[in-house]
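Generate the whole structure from the sequences, applying the supplied hints.
Here is what each chain is made of, one letter per residue.
Protein chains: 2
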Amino acid sequence: MTLIGHIIFLLLLQSSVLLAWQDYKDYQVYELTPRDSSEESLLRKLAREKPQWDFLGPIRWHNESTVRVMLPPEEASSLVSLFDSHQLRYRLLIKDLSPLVQAQRAENLRSKQRLQLPHIDVLAAFYTHAEINAYLDSLPERYPKRAQVKQFGWSYERRPLKVLTISNGDGRRNKPVILIDGTVHAREWISPSMALYIIQQLLDNYEGNQELLQDYDWVIMPVVNADGYEYTHSESRYWRKTRKPTTDPDCVGTDINRNFAHEWGHDAGSSSDPCEDIYRGERPFDQPESQVLRDILLQYSPRLKWYLSLHSYGNYFLLPWGYTNTRFTDSNRYS
Amino acid sequence: MTLIGHIIFLLLLQSSVLLAWQDYKDYQVYELTPRDSSEESLLRKLAREKPQWDFLGPIRWHNESTVRVMLPPEEASSLVSLFDSHQLRYRLLIKDLSPLVQAQRAENLRSKQRLQLPHIDVLAAFYTHAEINAYLDSLPERYPKRAQVKQFGWSYERRPLKVLTISNGDGRRNKPVILIDGTVHAREWISPSMALYIIQQLLDNYEGNQELLQDYDWVIMPVVNADGYEYTHSESRYWRKTRKPTTDPDCVGTDINRNFAHEWGHDAGSSSDPCEDIYRGERPFDQPESQVLRDILLQYSPRLKWYLSLHSYGNYFLLPWGYTNTRFTDSNRYS
Chain F
1 MTLIGHIIFL LLLQSSVLLA WQDYKDYQVY ELTPRDSSEE SLLRKLAREK
51 PQWDFLGPIR WHNESTVRVM LPPEEASSLV SLFDSHQLRY RLLIKDLSPL
101 VQAQRAENLR SKQRLQLPHI DVLAAFYTHA EINAYLDSLP ERYPKRAQVK
151 QFGWSYERRP LKVLTISNGD GRRNKPVILI DGTVHAREWI SPSMALYIIQ
201 QLLDNYEGNQ ELLQDYDWVI MPVVNADGYE YTHSESRYWR KTRKPTTDPD
251 CVGTDINRNF AHEWGHDAGS SSDPCEDIYR GERPFDQPES QVLRDILLQY
301 SPRLKWYLSL HSYGNYFLLP WGYTNTRFTD SNRYS
Chain B
1 MTLIGHIIFL LLLQSSVLLA WQDYKDYQVY ELTPRDSSEE SLLRKLAREK
51 PQWDFLGPIR WHNESTVRVM LPPEEASSLV SLFDSHQLRY RLLIKDLSPL
101 VQAQRAENLR SKQRLQLPHI DVLAAFYTHA EINAYLDSLP ERYPKRAQVK
151 QFGWSYERRP LKVLTISNGD GRRNKPVILI DGTVHAREWI SPSMALYIIQ
201 QLLDNYEGNQ ELLQDYDWVI MPVVNADGYE YTHSESRYWR KTRKPTTDPD
251 CVGTDINRNF AHEWGHDAGS SSDPCEDIYR GERPFDQPES QVLRDILLQY
301 SPRLKWYLSL HSYGNYFLLP WGYTNTRFTD SNRYS
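Which chain is which? The protein sequence lines are F and B, in order.
When the count follows the UniProt record's numbering, it moves up by one through the first sequence with no breaks and lands on 335 for the last residue.
When the count follows the UniProt record's numbering, it moves up by one through the second sequence with no breaks and lands on 335 for the last residue.
Calculated from the structure, these hints are not laboratory results.
Mixed in with the good hints there might be a few duds.
Which copy is meant is left open, so a pair is good if it fits within one copy or across any two.
[To be verified] Subject to a maximum C-alpha distance of 30 Å in a straight line, what follows is the list of computed DSSO-like cross-link-like pairs (lysine-lysine):
{"hint": "1", "residue 1": "45", "residue 2": "244"}
{"hint": "2", "residue 1": "150", "residue 2": "112"}
{"hint": "3", "residue 1": "50", "residue 2": "305"}
{"hint": "4", "residue 1": "145", "residue 2": "50"}
{"hint": "5", "residue 1": "112", "residue 2": "305"}
{"hint": "6", "residue 1": "150", "residue 2": "45"}
{"hint": "7", "residue 1": "150", "residue 2": "25"}
{"hint": "8", "residue 1": "95", "residue 2": "25"}
{"hint": "9", "residue 1": "145", "residue 2": "305"}
{"hint": "10", "residue 1": "45", "residue 2": "25"}
{"hint": "11", "residue 1": "150", "residue 2": "95"}
{"hint": "12", "residue 1": "244", "residue 2": "50"}
{"hint": "13", "residue 1": "25", "residue 2": "244"}
{"hint": "14", "residue 1": "150", "residue 2": "305"}
{"hint": "15", "residue 1": "112", "residue 2": "25"}
{"hint": "16", "residue 1": "175", "residue 2": "150"}
Here it is as structure tokens:
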């Protein structure tokens with residue numbers, strides 16, 4: 001089929017769909033209140049004689065009960081004159097049914113589209129990076145005023161690294177920021193789940209948690225180490241590092257959490273051996289994932305009040321520094 | 001590709017997937033409890049010297065805190081002899097990691113499959129007959145011991161007419177039955193939603209409603225008039241009857257609720273005019289949908305304690321009879 005042919009076909013298809021759907025243009029609904037059993041009998045008689053008058057619900061006379069009748073536009077004048085001639089009590093309830101029918105149809109379609117958005121149950125399963133990204137991408141559609149997805153770069157294997165920002169939608173700019181990341185270490189599966197749980201608490205359970213968004217915006221990155229995390233799902237459950245090759249052809253991956261520039265290599269907790277799980281890389285920030293995390297921190301640093309990196313396991317709440325046991329000089333800020 | 005070729009290809013594909021997934025066969029996890037800072041230092045030294053020993057979590061000596069180390073099978077004997085020679089406190093925590101890894105993987109896949117089953121939100125949208133059937137069909141997978149779907153026939157337009165039976169799964173046979181149907185009248189959309197709501201209350205909210213299933217089985221048919229109901233979604237919102245042609249070429253459909261054999265035609269509330277919304281049909285049970293409803297009632301009649309047909313609207317609770325105003329002789333059964 002040619003392009004023109006396609007367009008004509010689509011136009012025909014569309015108009016046939018529109019024609020098929022009855023729009024109830026100028027259909028009216030009247031409400032009657034019969035006063036006694038003779039009026040009830042009259043209405044029953046009319047219901048039999050006028051198949052085009054659509055009596056909604058049973059016709060009964062008791063306690064000011066009402067009966068409604070729907071009718072096509074061409075019947076309206078005959079109904080009114082008949083009702084008037086019998087001095088029935090009635091009123092016009094709906095002048096034109098079509099906007100109501102259309103509104104219900106549109107609202108129903110919208111509701112179903114919302115229900116078809118990706119949904120996840122963080123307490124029921126662990127999700128892959130692709131599933132988490134699809135879910136993040138659906139949130140601005142669900143919460144157009146409160147959720148925004150930003151991509152800050154790519155993993156070594158070209159997975160998009162995404163960040164969700166959450167506000168209360170009050171339009172106040174430059175609120176202080178709380179930044180949370182997850183899955184710096186691939187095998188720590190509870191970490192992205194925790195990030196997703198926080199997201200759902202802030203979005204789905206806004207009612208219960210709105211004070212958390214009163215004076216803060218939240219920036220949440222559920223999966224930093226996207227390649228490693230996918231690898232734990234598809235290949236090796238206990239993989240920890242990135243998936244970028246190293247100088248050692250037998251050993252892959254760098255520990256993102258040892259790859260930052262601050263005091264890089266000046267610690268006992270990292271290694272220069274590419275085969276170790278705590279390998280710090282050849283140079284600071286030689287991993288695309290740590291670069292992305294740096295760029296996010298730099299972007300939000302003027303507003304950043306709190307940064308939490310979710311790991312597992314050990315029931316620790318670790319404060320700076322990481323490279324030394326010396327106390328962070330400003331540590332009373334954490335007291 | 002030939003059939004043999006396909007089979008070989010699939011076998012290769014499967015084994016490559018199986019080979020790619022690391023099974024952690026005979027990987028072990030040991031738990032250590034360092035007694036003092038010198039033992040902590042020794043463990044830190046081992047962590048550096050033995051890249052194949054995977055220390056899970058930070059190595060710290062304080063308050064009987066433990067550290068766990070995971071290692072491949074070939075490392076086990078060297079670990080044990082080293083720990084013993086240093087008289088460390090340790091115990092074997094996991095003898096073989098593989099069943100745990102496999103179990104988590106399998107459970108995760110199962111959870112996700114469950115989440116991918118059709119889900120509906122009866123309070124958010126109205127669903128088509130096809131959507132309701134897909135949902136009903138998913139319930140035995142969710143509740144294998146408590147839900148069962150039976151098809152009792154077809155609508156005039158060959159839509160499958162399905163019934164859900166719900167029990168508490170205690171295995172007690174021949175409990176009294178509560179039968180509920182919905183959507184005898186096509187346009188009464190709240191009726192299938194109400195039936196689905198009852199289904200979800202009995203299945204998803206079993207905890208809160210289990211006394212309702214203690215001594216009764218429930219048989220629920222959300223959509224009797226499948227053709228008419230689909231027609232209200234696709235064509236004409238206020239269609240009421242079936243979609244089977246009548247003796248009048250201009251008028252389609254019969255009122256299922258006037259088509260039953262008991263005192264058929266002996267009432268003021270039905271009509272012999274095929275163009276009326278209360279048309280009773282040419283003969284009793286000349287509609288496939290009323291036949292199906294009859295067959296369901298006959299099948300369950302020895303156990304049937306209560307039958308409720310959901311309609312809208314009017315806030316009425318109608319008791320027998322329907323064809324006459326005479327009181328049902330046994331009406332004190334309903335008091």
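Exercise for review: Could you tell me which of the hints above the structure violates, numbers in ascending order?
Suggested key: 3, 4, 5, 6, 7 and 11
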